[in-house]
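These protein sequence lines map, in sequence, to chains A, B, C and D. Residue numbers for the first sequence follow the working numbering, so the first one is 990 and each next one is one higher. Residue numbers for the second sequence follow the working numbering, so the first one is 990 and each next one is one higher. Residue numbers for the third sequence follow the working numbering, so the first one is 990 and each next one is one higher. Residue numbers for the fourth sequence follow the working numbering, so the first one is 990 and each next one is one higher.
Please keep in mind that the hints were generated in silico from the structure rather than gathered at the bench. Idealized CB from N, CA, C, for every residue including glycine. Please note: incorrect hints may appear among the correct ones.
Said to hold, decoys possible - Across the chosen pairs, the derived CB separations fall in these ranges:
hint : chain 1 : residue 1 : chain 2 : residue 2 : range
1    : D       : K1304     : B       : G1152     : 26 to 36 Å
2    : C       : G1332     : A       : I1235     : 39 to 49 Å
3    : D       : K1326     : B       : K1365     : 47 to 57 Å
4    : D       : K1415     : B       : K1304     : 21 to 31 Å
5    : A       : H1061     : B       : S1182     : 27 to 37 Å
6    : D       : Y1169     : B       : G1263     : 32 to 42 Å
7    : D       : K1057     : C       : S1068     : 24 to 34 Å
8    : A       : E1330     : C       : Y1184     : 23 to 33 Å
4 protein chains.
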Amino acid sequence: MGLVNHVFSEDSLKKLYVSNLGIGHTRYSTSGVSVLDNCQPFVVETLHGKIAVAHNGELTNAPRLRRKLMRHGVGLSTSSDSELITQLLAFTPPLEQDDSPDWVARIKNLMNETPTSYSLLIMHKDIIYAVRDPYGNRPLCIGCLVPVGDINSKGKRNAETEGWVVSSESCSFLSIGAEYYREVMPGEIVKISRYDVQTLDIVPRPAGDPSAFCIFEYVYFARPDSIFEGQMVYSVRRRCGQQLAIEAPVEADLVSTVPESATPAALGYAQKCGLPYIEVLCKNRYVGRTFIQPNMRLRQLGVAKKFGVLSDNFKGKRIVLIDDSIVRGNTVSPIIKLLRESGAKEVHIRVASPPIKFPCYMGINIPTKEELIANKPEFHNLASHIGADSVVYLSVEGLVSSVQESIKARQDNENNLKTNKFRTGKIGHCIACLVGKYPVELEW
Amino acid sequence: MGLVNHVFSEDSLKKLYVSNLGIGHTRYSTSGVSVLDNCQPFVVETLHGKIAVAHNGELTNAPRLRRKLMRHGVGLSTSSDSELITQLLAFTPPLEQDDSPDWVARIKNLMNETPTSYSLLIMHKDIIYAVRDPYGNRPLCIGCLVPVGDINSKGKRNAETEGWVVSSESCSFLSIGAEYYREVMPGEIVKISRYDVQTLDIVPRPAGDPSAFCIFEYVYFARPDSIFEGQMVYSVRRRCGQQLAIEAPVEADLVSTVPESATPAALGYAQKCGLPYIEVLCKNRYVGRTFIQPNMRLRQLGVAKKFGVLSDNFKGKRIVLIDDSIVRGNTVSPIIKLLRESGAKEVHIRVASPPIKFPCYMGINIPTKEELIANKPEFHNLASHIGADSVVYLSVEGLVSSVQESIKARQDNENNLKTNKFRTGKIGHCIACLVGKYPVELEW
Amino acid sequence: MGLVNHVFSEDSLKKLYVSNLGIGHTRYSTSGVSVLDNCQPFVVETLHGKIAVAHNGELTNAPRLRRKLMRHGVGLSTSSDSELITQLLAFTPPLEQDDSPDWVARIKNLMNETPTSYSLLIMHKDIIYAVRDPYGNRPLCIGCLVPVGDINSKGKRNAETEGWVVSSESCSFLSIGAEYYREVMPGEIVKISRYDVQTLDIVPRPAGDPSAFCIFEYVYFARPDSIFEGQMVYSVRRRCGQQLAIEAPVEADLVSTVPESATPAALGYAQKCGLPYIEVLCKNRYVGRTFIQPNMRLRQLGVAKKFGVLSDNFKGKRIVLIDDSIVRGNTVSPIIKLLRESGAKEVHIRVASPPIKFPCYMGINIPTKEELIANKPEFHNLASHIGADSVVYLSVEGLVSSVQESIKARQDNENNLKTNKFRTGKIGHCIACLVGKYPVELEW
Amino acid sequence: MGLVNHVFSEDSLKKLYVSNLGIGHTRYSTSGVSVLDNCQPFVVETLHGKIAVAHNGELTNAPRLRRKLMRHGVGLSTSSDSELITQLLAFTPPLEQDDSPDWVARIKNLMNETPTSYSLLIMHKDIIYAVRDPYGNRPLCIGCLVPVGDINSKGKRNAETEGWVVSSESCSFLSIGAEYYREVMPGEIVKISRYDVQTLDIVPRPAGDPSAFCIFEYVYFARPDSIFEGQMVYSVRRRCGQQLAIEAPVEADLVSTVPESATPAALGYAQKCGLPYIEVLCKNRYVGRTFIQPNMRLRQLGVAKKFGVLSDNFKGKRIVLIDDSIVRGNTVSPIIKLLRESGAKEVHIRVASPPIKFPCYMGINIPTKEELIANKPEFHNLASHIGADSVVYLSVEGLVSSVQESIKARQDNENNLKTNKFRTGKIGHCIACLVGKYPVELEW
């Protein structure tokens, strides 16, 4: 429980060097509280040996599945979906004729019980199964480990490959000397063994349902150098900035960023509208990221300590300040105040994503509906509420097109070439937090 | 995991002050390893709410029960019998007609599944069930809490009673201002609520089977001021010393003890044979108890640092040294050497219990058969092996009669008075580690 | 010992809330090792009560002063200059006629004993003395605390001021709701009490000696929003980039930065030469700053994990990559490799500071002469050694003029206005690590 | 800071294995508070290299010496006498003609500055000096380390000796395979090197002053197997019990002990008066020693949890309960209550030492005068105050004769044989806490 840096010390990792496969997990709390019991991977002994399960996501029908299991007499020792999934895998009525387990059948049964959202790693003996739900709501991708000794050289996906790694975000590969191989496809069950990486099956969505990868990963959550659906997150964010410049231009002296997640959008905005890009805030490197801190008080304190002001850069100037999102509205307001007090003549806020209005039930820790600024009365008067000269959000259509533009271009291309055997069905994205329409019905 | 002193700090206990009932647990490792996962109580959510289970003992048919549960599709997340018992309680086919759980039926089902050994506390909502297996192998007793403010005054078991406590050993009551009320009987299911302590049922043993309380509790494990079966452990140990003086007298100048567990037996021996009781060793108070340390190396080191030698007390004298047990033979040998080097003329060892020859499968952490001195070739030549002038163990019959003498006397008396409605069936004791005959058949 | 975030927890700070003044300290190891004993402030009891001393810097004649004290019979319990200074303050032959201590005389004696480098906070009873050495080598500045309740509003330096804070860098003021007041001048002794901030004395430099503020603070060490000598560090860095564009232009497609300390210089370079500023690397926010890690191995590991690559931004392009300094040459080489492997056509390195060639004996943890890339044979062939298409450093003159340009402009202005009563003598900067000439003679 | 068991872990000791000499220290707080700063040994660098000093005791003129040092300009960083002694050793005006230090002269100077109480270990390069103050108030003794491999065999004080150890109490030798060699004499300066153990000098007391070893070490503080002045502590305590039986007999059924420090006295009392020795209390092994806990609250809690009651041993009987001392009277009162409630017919308290009435200024942590039961009004009515049927203390004369009896016998014998070249002057003991007369005048 905690940040990777603190939890996985060199000493604790050293103990694992005897093994040649393993899974791990770290996350901020989504469903339920951050308690030790909910730590992953969840490990149980089954009739067919131990299985370990790591899970990213949140089941949209967890309460019903919990009741189902408990009605069958299984006591649940934690409140986590990870245990739920693990017990469902153990519990699945034995389809096997003989004593050898049919894990694929068990995994498919699980996927039939619950449509989304989950990216899973399931370890059993010397096999790891990598699974993504049919809607592809949470990310999951595969990298291949290049030979040590030259951790920066390009590895080949052949006999020289030293091993495989699976991760939510591809950005993690570089740090360990691995390179990006491909995504696990929506609904895909991949088997990873010492010898190969093999697609066992692809569980389809109901006919007509588009895929539903979380658009919030592009907007805020992922690291800019990660690759989803064939495109770099940074490029999407820059396109959002460009789109925003088209949708909401403003007469000003300079474009700047709320560092550092809004920087790609700010550079895109500046380039598109022809204004100089100049920094007005610097990050206080000694303070952690605000989003990851699980309680309100620390978040507030963090904001106050988060930035330094580069006042000489903007005294007497009109600023267009690009932010990646305004969720609660707590952060931007003191920033604007800081800038004005330090000499800014005007402060125009441009937000590189649409307002969040609805809760997420699929793994992202969005504030309650009441906390969201877009649901408050002051939203109708937002500029004056936060002290800005003007404030404009990116449109939902603008965001979706910024995200899907290059996917569609590539897809058209691939369709022409008939190269993509995996990516079946219509491409879509989960924009439930923006428009309130969820990819599947929620069950309680 | 660890000693009560270290684990249950004042701070950690303070958090519990909001509640009016609770269960806890501490033990040294018996089955499996000492890992955090095996910590108790084990808590699961069932269809009828959360239950928490604390367990002392070891199930003689655990492997079979584990397989049974796993065959039904329950994944087991730890190697502990405690989880096994908890899942068995959750799993029991619902006998209930309506939605309210019948915990007594579930507990009785559990007791029918496994004969021994277990003393259990099961907490569900505002009720605690205290359960002892039909053989009464592990201890469990009830105390009543007297009003605070005068923690040493005598409480009454009536309206003035402030609450109830349940414990393996009665010695714990004094420290918290409680007083001994009674034992939980073999097979008894006791319900403890805010209002009363009530016997719900008594599950009988198979006809003809005597009870089987662990005789090792009397010999070594329990604290001398604890009360089992109506008698103080200290008194049993002194009787063992007296019996040993009858069975194995020796011509010597003084009787002494390996402090401090053998002291009652040494005083009994000295009194019976008329020799002076004189101390030859003093305890190094800065070192902990040897038995509780889980690995061999620390045990060895502990022995070396455990005692001081009171050489002026025995220079040139013949010593009868009483030990409570010789298990591995590692401890007594360096002690004899120390005494001789410090001037003892003769050292005769008298052991106030019979040799341990067989493993325990019911909760006591006895060394493997190979480690037991009684199973080694040198046992036939023990005195010279350990460097003693002579060594004699108490006979099995001597031990059993020392233990049962006063129980039988009281039982005869009670039978005459017809007062004991609980204690049914023949009284016996588990002497499996001494003779190899277990109270029930072991299942794998 | 450690990062402020880890050392000064909320709990540890809470204990201080009873007081109304205090001093603290954190630093990375300069002289000697990072040991607990060298932690500051150093506190001793003297004849006149306790004094506490916090010290930033390193005495250029520490060995001689240590010997002097020890020759007088003072045992030194640590290897820190802080203890040395504290004992020198205690030891100073009592000049006082009566029993009341004359701390100003003692501080001036200390300053006569050692010319540089030190910024000091000395606490005695309800007074804090803030002292800067006559050369002003290490920074020290004063802020005033505005009323709580509105931590972002502008405070006034009058009756409404709630208190005073002193810090090495002004950037720390914003985080605690304080605002920048002024620098402590070279040689100045400032007395801070409940009632006011008062200059007690200004100890002059030898005639003709210019001041010698560490130029490395501007180049790398300070946070960009800090203010030294009336100018924002960020502005100096941007001027260095502009100067570098003049000194070393290059034909390329884009200008980029090694984030994030080189960003101001990169933006300055891009603006001056008219090339687009585009990001090629993103920071891995989960890894700390490399400079602060005290041993080589962790520094290397840190580099490997430090960056993500934004390959889509530069595939097939010619990059001018601005770095703030190349000290050992360990970091830039793998970065260039990464960029080439990810598709960069050319990589030209421009360094916004001159090469470091000499050790610092005044508080900055510069590697040994042998480790400095500028002193190695491969320096003559640096571009090919690090794998760059070209590499050019900023000239010493370019750096000095970038730093002094606006100071001189303002000084001229002030001289005309005769407003600056403090800043006496010639303004200079310590560039010893670049040219090998130290502001004072080093004594051993 | 803390118990040896916790502080000196195997890991922390392992780091020392590279060395062949060292000193360490552990103590409960006497003067001042238990703070990390006061931990020993105190290490300083002097003109002649580092010295490390470990100190047991408390200087009777510490305040004057602190002022003296501070007047000379030495700042003191802790409140400990250990630092004071170390700085005095460093500070001593250099008597040396050349550059080599004359540590003996420095130590003698120190001993002339302060008469008592101190036992010191001073380490400098490859020499350890063991020093005891002229009054011999605190203990210090030397052991020799026998060859490893046979840690229980008898070593010889010759070429085979592997090394030397110095300790306050001889009881520590056995645990590490060393054997007792001899005491450091009052006033003696012993030099311990790789080659030998050598008396450098013996600093005499003022003419007529007897030695003043702390009698409290015999009564309570030392471990019973330690040897002081040629006699085992246990034997002294038993003699105290015998003397008490003579001074204060009582008609009763049994003699018992407050375990475990009073047991030798109880056995001595029982033997002298012919009553049976029977245990009435057993120690709760899971709770630490009460004396060592530094604050009142924990001491109280400790008492309540300290004992178990062996009620079957004394129901309806008249008990003589021997305690080693009654200091505050907090402990004995609840014990008597416990015994009566558990069925004791009478409880007579006999205390194997005289009442403590005066504070100790020489290293023992005695409560303040106001806390001492002997100085309270209720002392005149003590039996009824503590709830006993009678209470009698040992007389001061009885204690002194129990302590000195065998010393005098041996001294007479040695004088006849002229073998004792060290033990000069009159033998006495510090009984200041009993009678208020201190061995030297106290200075403030």
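Verification of the hints:
Our hint of 26 to 36 Å for D/K1304 and B/G1152 holds, since their Cβ atoms are close to 27 Å apart. Look at C/G1332 against A/I1235: about 29 Å separates their beta carbons, and that is not inside 39 to 49 Å. The hinted window of 47 to 57 Å between D/K1326 and B/K1365 holds, with their beta carbons roughly 50 Å apart. For D/K1415 paired with B/K1304, a C-beta distance near 30 Å keeps the hint of 21 to 31 Å intact.
At about 30 Å, the beta-carbon gap between A/H1061 and B/S1182 stays in the expected band of 27 to 37 Å. The hinted range of 32 to 42 Å is satisfied by D/Y1169 and B/G1263, whose Cβ atoms lie roughly 35 Å apart. At roughly 27 Å, the beta carbons of D/K1057 and C/S1068 sit within the given window of 24 to 34 Å. Distance hint for A/E1330 and C/Y1184: a CB-CB separation of about 28 Å, consistent with the stated range 23 to 33 Å.
The structure shown violates just one earlier hint, number 2.
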